[in-house]
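Engineer: The primary structure of each chain is shown beneath.
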Amino acid sequence: MESDVIFDIRDLHVWVSDREILRGLNLQIKQGEVHAIFGPNGSGKTTFLNAMMGFTGYRVEGEILFHGRDISRLPVDERARLGIGLSFQRPPAIAGVKLRSLIETSSKKDGDLLDKYAERLNLTGFLDRDVNVGFSGGEIKRAELLQLILQDPDIIFLDEPESGVDLENIALIGEFTNELLGRSPHPNGERTIKDLYREKRKSGLVITHTGHILDYIDVDVGHVLMEGRIGCDGNPREMLGTIRDYGFNECYRCFLREEEDVRS
Amino acid sequence: MSDHNSNSRGELDLSVYREEAPEHAELEDLSRIPADEQRLLRMTGVDPEGKERSGSFFQKDHSVVHCRSQFDGAEILSASVARDKYEGLTEYWGKAVPVGKDVYTKRAEEHQEHGYFIRSLPGAKVHYPLQACLYLTEDKLAQDVHNIIIAEEGSTLNVITGCATSPQVRSGLHVGVSEFYVKKGATLSFTMIHNWAEDMAVRPRTGIVVEEGGTFISNYICLMPAKDLQMYPTATLVGEGAVATFNSVLLASPGSYMDVGARVILKEKGCRAEIISRTVSTGGSIIARGDLVGEKPGIRAHLECKGLLLSDEGFIHAIPELKGKAANLEMSHEAAVGKIAREKVEFLMARGLSEDEATSLIIKGFLSLDIVGLPEELKAELDRMIQETDAEAM
Chain A
1 MESDVIFDIR
11 DLHVWVSDRE
21 ILRGLNLQIK
31 QGEVHAIFGP
41 NGSGKTTFLN
51 AMMGFTGYRV
61 EGEILFHGRD
71 ISRLPVDERA
81 RLGIGLSFQR
91 PPAIAGVKLR
101 SLIETSSKKD
111 GDLLDKYAER
121 LNLTGFLDRD
131 VNVGFSGGEI
141 KRAELLQLIL
151 QDPDIIFLDE
161 PESGVDLENI
171 ALIGEFTNEL
181 LGRSPHPNGE
191 RTIKDLYREK
201 RKSGLVITHT
211 GHILDYIDVD
221 VGHVLMEGRI
231 GCDGNPREML
241 GTIRDYGFNE
251 CYRCFLREEE
261 DVRS
Chain B
1001 MSDHNSNSRG
1011 ELDLSVYREE
1021 APEHAELEDL
1031 SRIPADEQRL
1041 LRMTGVDPEG
1051 KERSGSFFQK
1061 DHSVVHCRSQ
1071 FDGAEILSAS
1081 VARDKYEGLT
1091 EYWGKAVPVG
1101 KDVYTKRAEE
1111 HQEHGYFIRS
1121 LPGAKVHYPL
1131 QACLYLTEDK
1141 LAQDVHNIII
1151 AEEGSTLNVI
1161 TGCATSPQVR
1171 SGLHVGVSEF
1181 YVKKGATLSF
1191 TMIHNWAEDM
1201 AVRPRTGIVV
1211 EEGGTFISNY
1221 ICLMPAKDLQ
1231 MYPTATLVGE
1241 GAVATFNSVL
1251 LASPGSYMDV
1261 GARVILKEKG
1271 CRAEIISRTV
1281 STGGSIIARG
1291 DLVGEKPGIR
1301 AHLECKGLLL
1311 SDEGFIHAIP
1321 ELKGKAANLE
1331 MSHEAAVGKI
1341 AREKVEFLMA
1351 RGLSEDEATS
1361 LIIKGFLSLD
1371 IVGLPEELKA
1381 ELDRMIQETD
1391 AEAM
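Taken in sequence, the protein lines are chains A and B. If you're matching positions, the first sequence starts at 1 in our numbering and goes up one per residue. If you're matching positions, the second sequence starts at 1001 in our numbering and goes up one per residue.
Each hint should be verified, as a subset may be incorrect.
Said to hold, decoys possible - A partial selection of chain A residues facing chain B, derived with a Cβ cut-off under 8 Å:
(1) Met53
(2) Thr56
(3) Arg73
(4) Leu74
(5) Asp77
(6) Phe88
(7) Gln147
(8) Gln151
Said to hold, decoys possible - Which chain B residues stay away from chain A? Per the calculated CB distances, all over 12 Å, these:
(9) Pro1122
(10) Glu1211
(11) Arg1263
These aren't lab readings, by the way, just hints derived from the structure by calculation. Predicted model, so just to flag it, every value in this text is computed and none were measured. Ideal Cβ positions, reconstructed from N, Cα and C, are used throughout, including at glycine.
With the hints as constraints, model all of the structure from the sequences given.
Structural biologist: Written as structure tokens, this is what we have:
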């Protein structure tokens, strides 16, 4: 059903300075779907997410429809308040601002949930520390997840969620990413798992270079980003298998052929 | 800044200020003062109820209206009374700040009206702070005070000083000579909060002498506008292993001029010093100075001036200076002046904060130094002050 599409990107072009990084990108994400974008370094993955959030430094043309409304001209905070969340690859450190007070300012959820999730993410001691100051790679990613779980967006962009994370942390990050996306509901007295799925399932978009995170989270659709366009759509596990076995060169070969088809 | 009542060297036209002030009656109970004045005092860290305080001193214009000690291990007096009591305080008076140092120390000697004398007895652990408030209620008045603090051998002493003007005052002059003596093994923590009227000229002149194994901690906070503020306290560490720390937090709005720094002279082996300042200009001018002089081996000292400049008006001029005079010492400095990183603002906006909320949160975070040695309760008060600092001004 077309009406299920909550995020719809049409003919997106993005420039950084005078360089065109995204060149006519199209992508549709349905309610409750999680997509992954693979792509070699420099293919424009992070540029894509930054443009989705509306960060400065990007000139954007084309449409970004969220629940049918074009958000491509809205400031960052309005996009966030509409229900778009981003897990940063490398979020900045904010000296003097405690993680707890940041989350309490931005959270839509009640207070005791914060402590509960902080404990489960092994972050209790971090709530009274300055945001990301002196945090390790894994601690940063866990803190990002904690912020997003309490921010409770409808669609979540995850920028390289596994980067800088050691093996010990990656399973925990995978588990809570699933939870954030509403993919690991726990049944309770009133609701069945099926009910919970219907209520809680969120949409997501994961950007990954290595694909390791796919061992831990469920992804419905995969794409390859090449030279500023979406090269193909498909089963994410199969695509990742191909990329792992043959590298992005194989994708590139296929991509060039399709480009020719488009031109001819 | 044509109406700025000082030339480029910070000299003021002193003839515009009045010397005479009406006498104010003594106050048994500080909590009887009007609610709006109580609020003013609280904003300078002074608790009118005197709760969790070992003693209070309250000087209104030229009159000491309240002076009580609630703890046997410490005394608090008018400096003039203390001079009568202790043979002129000749060991201390004019020893850390020479009387002839400059035009302000000279005028303080000529025009002095009280100021406080605070002393902790040898070995006394004064748990709750003593508080002193210097309050100006007459417009265009010159208030000249001389303060003495003595932390006797092995004692621990906390002092909170609040300086404020009443709401009807627009301009005035405050000159305060302060001489602090930290004896062998003693610790003095001194916190000063300024809350002046916009057109005030302020000239504190402070000297500190720290003996062997003694520790001096100074916290200075000025988040309210001050038209012309100039201070450069100097701590001289005269005994082995003496320590001095200066923390300053300044916010200069348009029209404010703050020339604030600290100097530490480390004269003996194993002395340590740290000078840290966080300054924010929303259009005011700030000179953030720091000067460390190391004279013996085994000295460690660090200086850090960080400034956020949020407007093209005004400026922040960081002047860190280091002078080492012996081998085997370690001295360093770190200075930075800049704007708020766009990346940080947008990170917070991506969490749903508006641009203004994000900016103000970053500034408040920047100013909220983790000040070591600040009493818990005052730390909470400082956090609250920073939180309540007019976001508009930022």
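Engineer: Taking the hints in turn, state whether each one holds.
Structural biologist: How the hints compare with the structure:
At its closest, the beta carbon of A:Met53 sits 6 Å from a beta carbon of chain B; the interface hint therefore holds under the 8 Å criterion. Here the hint on A:Thr56 is kept, as its CB sits about 6 Å from the closest CB of chain B, short of 8 Å. Restraint check, A:Arg73 versus chain B: the minimum CB separation of about 15 Å is more than 8 Å; hint violated. For A:Leu74, the suggested interface contact is broken, since its CB lies about 11 Å from the closest CB of chain B, more than 8 Å.
With a cut of 8 Å, the hint placing A:Asp77 at the interface with chain B holds, because the nearest CB-to-CB distance is about 4 Å. The restraint placing A:Phe88 at the interface with chain B holds, with a minimum CB-CB distance near 7 Å, inside the 8 Å limit. Below 8 Å, beta-carbon pairs count as interface contacts, and A:Gln147 has one with chain B at about 6 Å; its hint therefore holds. Satisfaction of the interface hint for A:Gln151 is found here, the shortest Cβ-Cβ separation to chain B being roughly 6 Å, below the 8 Å cut-off.
Every CB of chain A lies more than 12 Å from the CB of B:Pro1122, the least distance being 38 Å, so the non-interface label holds. Distance to chain A confirms B:Glu1211 as a non-interface residue, since its nearest Cβ pair spans about 34 Å, more than 12 Å. Every C-beta of chain A lies more than 12 Å from that of B:Arg1263, the closest at about 26 Å, which supports listing it as non-interface.
Hints 3 and 4 from the list above are not met by this structure, while the remaining hints are.
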